[in-house]
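Using the sequences plus the hints, can you model the full thing?
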Amino acid sequence: MPMAGDDIVAMIKAAIPDAEVELTDLAGDNDHWAAVVTSAEFEGMPRVKQHQKVYAALGGRMGVELHALQLTTKCPA
Amino acid sequence: MSNVNERIAAMTKEHDVVLFMKGSKLFPQCGFSSRAVAILDHTGVEFETVDVLQDMEIREGIKAYSDWPTIPQLYVDGEFVGGSDIMMEMFEAGELQQMLEGKKAATSES
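As given, the protein sequences belong to chains A and B, one line each in that order. Each residue of the first sequence is one higher than the one before, starting from 1 at the first, in UniProt numbering. Each residue of the second sequence is one higher than the one before, starting from 1 at the first, in UniProt numbering.
The set of hints was computed from the structure by calculation and includes no laboratory data. A couple of the hints might just be wrong.
[Unchecked claim] Estimated spans, in silico, between C-beta atoms of each pair:
no.: 1; chain 1: A; residue 1: A40; chain 2: B; residue 2: E57; range: 34 to 44 Å
no.: 2; chain 1: B; residue 1: E95; chain 2: A; residue 2: A34; range: 13 to 23 Å
no.: 3; chain 1: A; residue 1: G63; chain 2: B; residue 2: G78; range: 38 to 48 Å
no.: 4; chain 1: A; residue 1: D18; chain 2: B; residue 2: A38; range: 31 to 41 Å
C-beta atoms are modelled at their ideal positions from N, C-alpha and C, and glycine is treated no differently.
Set out below in structure tokens:
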């Protein structure tokens, strides 16, 4: 079952409170998402760790219910 | 270390650049894997691919090995680098090319 966009944003924000999440439905099917996550917590973290932090926020649903999430992480400018 | 971890470690040590993916270089079975292959092709480096769809043990084991929930996964010199999004970011920043500099170039088959 696909994951609703609102749920994705809510879960990320619950785990990373200062995160700004920009979510795009890539295919218009509610199942292929692109997310740009901006948080000060990413400062000084290797990319792999930044992405792992977002995956952790999604509590194991990434790769299962959430099939496709194209992820970009950023620090605030 | 469990058996599957040893198998994965051996694969990542045997080749400098290894991509665990869905499908093969010529027939990627998922958009993200296809993108990862395209990025590596652009760098011109020689790389090995492992089709996780052919091996259930690797398919599940690789996720625990790297603490990463999705496939594809790129390993360089035995180290986990990231999935297709990280590969794209690094490629655009020129970091991936830098990392792969000095690796063997792919032999042209055409």
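Structure-based check of each hint:
One distance hint, 34 to 44 Å for the beta-carbon pair A:A40 and B:E57, holds here, with the actual separation near 40 Å. Distance hint check for B:E95 and A:A34: the Cβ-Cβ separation is about 21 Å, which falls inside the suggested range of 13 to 23 Å. Here the CB-CB span from A:G63 to B:G78 is close to 23 Å, at odds with the stated 38 to 48 Å. As the Cβ distance of A:D18 to B:A38 is approximately 34 Å, the hint placing it in 31 to 41 Å holds.
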